[in-house]
Amino acid sequence: MADLKALYQEVILDHSKNPRNFHSLPDADRTAVGRNPLCGDQFTVYLRMDGDTIVDIGFEGQGCAISKSSASMMTQAVKGKTGVEAEGLFDRFHELVTGKPAEPEALGKLAVFSGVSEFPIRVKCASLAWHTLKAALEAKGAISME
Amino acid sequence: MADLKALYQEVILDHSKNPRNFHSLPDADRTAVGRNPLCGDQFTVYLRMDGDTIVDIGFEGQGCAISKSSASMMTQAVKGKTGVEAEGLFDRFHELVTGKPAEPEALGKLAVFSGVSEFPIRVKCASLAWHTLKAALEAKGAISME
Amino acid sequence: MATKTELLMDVGKVREDFPILKRTVHGKPLVYLDSAATSQKPRQVIDAVSDFFSRYNANVHRAIYELGEEATREYEGAREKVAGFIHARSPNEVAFTKSTTESLNAIAYGWGLKGKLREGDEIVSTVMEHHSNHVPWFFVQDLKGVKLKWVGMTDDGLLKMEDYDTMITKRTKVVTVTQCSNVLGTINPVQEIAKRAHEAGAICVVDAAQSVPHMPVDVQKIGCDFLAFSGHKMLGPTGIGVLYGTEERLNEMEPLMGGGEMVREVHLGSAKWNDIPFKFEGGTPNMAGAIGLGVAVDYLDGIGMDRVRRHEKELTKYALEALSDVKGFHGFGLDDVERRGGVISFTLGDVHPHDIASILDVEGIAIRSGHHCAQPLMERLNVPATARASFYVYNTPEEVDRLAAGLRKVLDVFA
Amino acid sequence: MATKTELLMDVGKVREDFPILKRTVHGKPLVYLDSAATSQKPRQVIDAVSDFFSRYNANVHRAIYELGEEATREYEGAREKVAGFIHARSPNEVAFTKSTTESLNAIAYGWGLKGKLREGDEIVSTVMEHHSNHVPWFFVQDLKGVKLKWVGMTDDGLLKMEDYDTMITKRTKVVTVTQCSNVLGTINPVQEIAKRAHEAGAICVVDAAQSVPHMPVDVQKIGCDFLAFSGHKMLGPTGIGVLYGTEERLNEMEPLMGGGEMVREVHLGSAKWNDIPFKFEGGTPNMAGAIGLGVAVDYLDGIGMDRVRRHEKELTKYALEALSDVKGFHGFGLDDVERRGGVISFTLGDVHPHDIASILDVEGIAIRSGHHCAQPLMERLNVPATARASFYVYNTPEEVDRLAAGLRKVLDVFA
Ligand SMILES: Cc1ncc(COP(=O)(O)O)c(C=O)c1O
Ligand SMILES: Cc1ncc(COP(=O)(O)O)c(C=O)c1O
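Chains as they are written, first to last, in the numbering used here: chain A, 1 to 146; chain B, 147 to 292; chain C, 293 to 707; chain D, 708 to 1122.
None of these hints come from the bench; they were simulated from the model.
Honestly, I wouldn't trust all of these hints.
[As the list claims (entries may be wrong)] From the structure, some residues in chain C lie toward chain A, with a derived Cβ separation under 10 Å:
id, residue
1, Arg381
2, Asn384
3, Asp653
4, Val654
We treat Cβ as the ideally placed atom computed from N, Cα and C, and that holds for glycine.
Model the full assembly from the supplied sequences, consistent with the hints where possible.
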């Protein structure tokens, strides 16, 4: 049976209620909007870059607990990383939430999202912010997940 | 089992091969075209009237053996009759081919079409010319049976 | 208020007919509360579809052999049943489409865009419509320069009837409205709206996707010109819908789809249309779907639409009370079940509807969350999304209790 | 020539899967020779449809619960299977419609009328088309002032390829053609035609209603821009069709139907479309139909389309010989079975096709008579109607023998 406790871990609930870096960046040099039309979720991700390094990141928008907490924890995880590193992290994260974790240890705190893999329909929620980050890094303005 | 011999009686085959009154009437004062888009059948019925009496009738067109022989025998049956009589005959005929004959004796030779009642799909064939006659009497130019 | 035993008597027997209700989800017996999206199917309908494919599958209308005759008889029989069900004057007023959506597009293109509408004409709609009754009219607006207006809504979820006074003008050619909101359950006074439309010389189009399945609908009493609904929401198969129109309207309407069956004559570059309703059924129709829908109509007739409506009314009443006991439950729409159908949209504290649905799913309870294809209404309600539970003939008060318990579980998770 | 035993080996096993083939008509075992109109269904497909309704019936895409997830997985799985079957580059190039007819209308309206076509543009079609590939283009002609031209046909039933030399001009925007004639069985050189279209900067639309069910079809090899076919002609359920288009074409195409599912955002008066292929799937799709079609594709893949084609080729060859022995038999189309599909249109002396079909029906044999929704072709052939026998995976040489015997019976009746 799918394990709700594993999905809605304390950390996740905490981040969904008190999202970190939950604000725009007035001096952002990259921005992207990500939407999940399935549930109406929508986030904007703001980046301030120094060369290839994400020196600051913020996000705004609305979504379910999984998408919001994932966005929040993502901002913490990628701050200070290069774009390439961030995308690598996304790959690991995606493996985790789809139940095929190759290097879970590389994920650190993000490992709390392992419960998502039992809820395939929530994979999109968990990865929405990441897809949006990727779009921002690649200078695509908007993405949509169906 | 449906009886083919009853459907394709000698008389019917004869009329289908040698249709009577199979020509237009140059001096027709009523004309109508009847179509059965199901099979591409199409007949034109020409009437010359004296008051309410059908003094002459002809038909042209193409169709299956049932529709053509029915048209042919119809022309014989209604010549000299009034429009009202002809429509009464059509009612009897329709009862016959749909298997509910109320006064079969009134039909005379037309009784050979009783076999049609076992082939519901052919009812439209058998009655196409009659519907066209009715349309001509009512001064409707064209009818279509679906 | 409905006592449980009172309701259960019939429903227990009805439930026996729905194979899917025997299944479990995440180890729990399924509680299906999403019939407004699509209904479940009784075995009578499932068997009718199988039976068509196993015994007399053939193309209708054009086959001159036994199978085709049987298929045509059943297909046209289904049309008669549907016509009778909505009290159409004649089966000729019923055309089969694939869905409410196709029916509404057929009207917008066929009567509107390709037919009667001219630049400057006006269409009066409402803020309460499903996307399927919005977007087709946007096409007409964009391609024909027709102006759209939308009647507003009170905070209770009622149409602002007074808006019709100002919005319907002599330029109004179409008044379109949903008979029952798929979000709020509000039952709109379509008879009154049709009357107002006609007084102004406009036609009235009714989206009956949420009404025909759930309550007695009489197109003659409503007096509408067109009415659209879907088979899959009324115990029927998927891929079959109904376009009802009065003979007069259907005769003046152009077909949306060109193809086989809908023509009388085709020459290179020109064609003559078949008679109604066939001219709206281009291509090989969904025969199994139509025949299955006919059986669904039989099934509903067997229960009686008055009974269906009463059952849902009692269940909704029971649910509104049971759910209002849940902390943080906020229901949208009217309290008065006489004026609403068995659809309850709600929020629960600040838990996102998506999380509500996910947690309920683990409890075996299927509800919907999102914008319910009614974004303009969501904007009006000023919420990004709601959760929605909706009822049908097979639902029970016990299932409502399980929903209430499920919502308490949601609160636990988010405590 | 095919020996009977050679063919029967596989076919006997295939026939076991089709429940309808066990039935009798007028007391005789059914001989179904009308698969070009609609095919029969194997129990695998029938069961898949029942199974959907009995076990996991739910709306796809928007349901956030187990049933909906299962339904979405199977529905999208069906899309992948169909995409693989025709060698599309991606499942995104496959949209589900209700039929070939809807697919062709969707192209004519969505890419043509509402999209890329302008007054004075030209469309090159052929005299061989089914009404479903004629009438939608008449709409574009009438509403947009586009000019239509039709490539002619030789007496053998081949397209006059040289007509393309003169008819395709720099004003040509669309070249549309059926891959296989539903009357003559002629297989047209669509790859060559697509090439010519592209050389002139036009797109190529292929009506594959009679090809995809009967032979290997590779959209990339053909190089067409759009391709349309129906599930019901390829062992699948009724009410499901396919619109294939390259990503580029689908992206530049407007949707035919507005409604739920096909939008990303809706505001009062405006909407943004969803991504391909969803923007072409307005309204609740025929989920059972799509899933059943996926299983039909599995079934055909299990046999192998090369085998299907070979079987029909051998059967057609056998039939052309067997029937030519019947007095008065006149077959239309090519003798060379390499260039034709398993469709034989014929006349028998001066017996009207309707009478032929009626008499054969009494013998348990189902064939078609009429204009086969190809009146312009009938005019070209200068016949009001033909009789037509068509074959599929479940037909046998014995059935061809019964057809020949049936035709002799027809002659007896009319002797
Ligand atoms: C060549 C051809 N095109 C189009 C169609 C139309 O298919 P449907 O009726 O499934 O839309 C058919 C079948 O009737 C056909 O044979
Ligand atoms: C009010 C209303 N109108 C239209 C529709 C569209 O119905 P369908 O998706 O069957 O075309 C729906 C259902 O989704 C609905 O609830």
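Hint by hint, here is what the structure shows:
{"no.": "1", "hint": "Arg381", "verdict": "violated, 41 Å"}
{"no.": "2", "hint": "Asn384", "verdict": "violated, 40 Å"}
{"no.": "3", "hint": "Asp653", "verdict": "holds, 8 Å"}
{"no.": "4", "hint": "Val654", "verdict": "holds, 5 Å"}
Against the hints set out earlier in the document, violations occur for numbers 1, 2.
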